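Sequence order for the protein chains is A and B. Residue 159 in our numbering sits at position 159 of the first sequence; the count goes up by one each step and never skips. Residue 17 in our numbering sits at position 17 of the second sequence; the count goes up by one each step and never skips.
Hint data in this document are derived by calculation from the structure and do not stem from the laboratory. The model shown is predicted, which means the values in this text are computed figures rather than measured ones. Please note: incorrect hints may appear among the correct ones.
[Stated by the list, open to error] Just a few of them, taken from the derived set where beta-carbon distance is under 10 Å, the chain A residues facing chain B: (1) P21; (2) D25; (3) E131; (4) N132.
Backbone N, C-alpha and C define an ideal beta-carbon position, used for all residues, glycine too.
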Amino acid sequence: MRLLFLLLLMVLLTSACDNFPRDPDETLTKIKNNTLLVGYTENPPWVVKTKAEPTGLEVELIKNFAKTQGAKISWVNDTEQDLFQKLEKRELYLVIGGFTDKNTWKTKISFTRPYVKHQKEKHVMAVLKGENAFIVALETFLHQQTSHLNALPASYEAN
Amino acid sequence: MKPIKKFEFPAELRPLFEKAKRLEWLTLIYLAITVVIMYLTMGNSQAMKTAWYEDLLSMTPSVAFLISSRIVAKPANGEFPYGYHKAVSIAYLCSSLALFAVGSFLVIDSGITLIKGDRPTIGTVIIFGHQIWLGYLMMIALIWGSVPAVFLGRAKLPIAKKLHSKNLYTDAEMQKADWMTGFAAILGITGIGFGWWWADAAAASIISLDVIHDGFKNLKQALYDLIDQIPKTVDNQKTDPIIKHIEDYLQQKTWVKTAEIRLREDGHIYFGEAFVVPVSSVNLIQAMEDTRQEIENMHWHLHEFIITLVSDLPQQEA
Numbered sequence: 001m002r003l004l005f006l007l008l009l010m011v012l013l014t015s016a017c018d019n020f021p022r023d024p025d026e027t028l029t030k031i032k033n034n035t036l037l038v039g040y041t042e043n044p045p046w047v048v049k050t051k052a053e054p055t056g057l058e059v060e061l062i063k064n065f066a067k068t069q070g071a072k073i074s075w076v077n078d079t080e081q082d083l084f085q086k087l088e089k090r091e092l093y094l095v096i097g098g099f100t101d102k103n104t105w106k107t108k109i110s111f112t113r114p115y116v117k118h119q120k121e122k123h124v125m126a127v128l129k130g131e132n133a134f135i136v137a138l139e140t141f142l143h144q145q146t147s148h149l150n151a152l153p154a155s156y157e158a159n
Numbered sequence: 001m002k003p004i005k006k007f008e009f010p011a012e013l014r015p016l017f018e019k020a021k022r023l024e025w026l027t028l029i030y031l032a033i034t035v036v037i038m039y040l041t042m043g044n045s046q047a048m049k050t051a052w053y054e055d056l057l058s059m060t061p062s063v064a065f066l067i068s069s070r071i072v073a074k075p076a077n078g079e080f081p082y083g084y085h086k087a088v089s090i091a092y093l094c095s096s097l098a099l100f101a102v103g104s105f106l107v108i109d110s111g112i113t114l115i116k117g118d119r120p121t122i123g124t125v126i127i128f129g130h131q132i133w134l135g136y137l138m139m140i141a142l143i144w145g146s147v148p149a150v151f152l153g154r155a156k157l158p159i160a161k162k163l164h165s166k167n168l169y170t171d172a173e174m175q176k177a178d179w180m181t182g183f184a185a186i187l188g189i190t191g192i193g194f195g196w197w198w199a200d201a202a203a204a205s206i207i208s209l210d211v212i213h214d215g216f217k218n219l220k221q222a223l224y225d226l227i228d229q230i231p232k233t234v235d236n237q238k239t240d241p242i243i244k245h246i247e248d249y250l251q252q253k254t255w256v257k258t259a260e261i262r263l264r265e266d267g268h269i270y271f272g273e274a275f276v277v278p279v280s281s282v283n284l285i286q287a288m289e290d291t292r293q294e295i296e297n298m299h300w301h302l303h304e305f306i307i308t309l310v311s312d313l314p315q316q317e318a
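Use the sequences and the hints to build the structure in full.
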């Protein structure tokens, strides 16, 4: 009984902290009011490359996410392979490109929970491994968008 | 071939044996639920993975106990004149080997995770429309996986001693210690929550060292049992005091000049023989029969105790 009590107490204590979980590398703190390093690879309608800044469904989402953190975005364009390697070396925080949860990099890279289902494919974004506060913040943001996200891919394809 | 009499437990212990079987079924159901819950909440936490394997593997003693309790019930026959009692020892060997192998695998696996600096990512899940951090669910799963186990283990320990079942005893001891595994894993996940990515794999290593320790201890005893080591008590692996008791008893008999005995353990049952140098040949067969019966009555373990007459006791080689 004493043990059970101790365990419950511990869980309650940890839940009480509002900044829980935290990042080993303080990624979320680094991003706040600073720069979000995002890699992108073209995959319309998710990510569309233009002469200036990229556009597309995921680009818009990330722009809005950056706004919630008061951060500006530094875009890096490259191939999927190179971007994932940079993410592995922790040179990027986030990589987008219309990835699905079947991505073969699953073992080396961390992905978010699928945030939208489109044509039976579950779409995810690649994130820095082990930065749990950052991932929770991003997933929370994506979860809040759920309601109008489901209609989005269709509207982009219509364009 | 003369098969041994059919015997497993005396009448007064049979209800206890039935209770042990019921407890093992309960354990299996409980562990099956735990394994599913843990699998669903596992994510990519190393400590959760370790605790999951441990729970999966801790089903082995229960399964082995239930299977072997069916096999030993078969009566001895011409093909198996000593009956099927060694099935219990084989079950014990399987349980301990499984435990040892998994402990070794896990210590290597979590060691590699630590060395490579692999950082566990624990995201969120949606439950009934609410988003929660998966880490909290892991903790709840771990509490479910450890607290009831402690009580199951405590219920089994005294029964295991009375039934002289080493397999059941191992099972009970492991479950009693399960809370340590659960607690270590919870600490590991809490560690991740505080941003210490290594805490998880470190906790996993400690858990697996504990699993290896249990596995090795029992593997050794299971092998010794199969090579017919002299009978040991279930709980602290000491030489069974009954051996000394029988020796003293034989020495006191008036028809016995000198005697030595040999015992071995087959599952719950002891087989043995006494080598007796008799005082004279008067009434020898009756005296032997009586003494044999008296010894078999000493304890239900003792079964088919055979008295052999010899002219000289062999000198033990140093």
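To see whether the hints hold, each was checked on the structure:
no.: 1; hint: P21; verdict: holds, 4 Å
no.: 2; hint: D25; verdict: holds, 8 Å
no.: 3; hint: E131; verdict: holds, 8 Å
no.: 4; hint: N132; verdict: holds, 5 Å
Comparing the model with each earlier hint shows no violations; every hint is respected.
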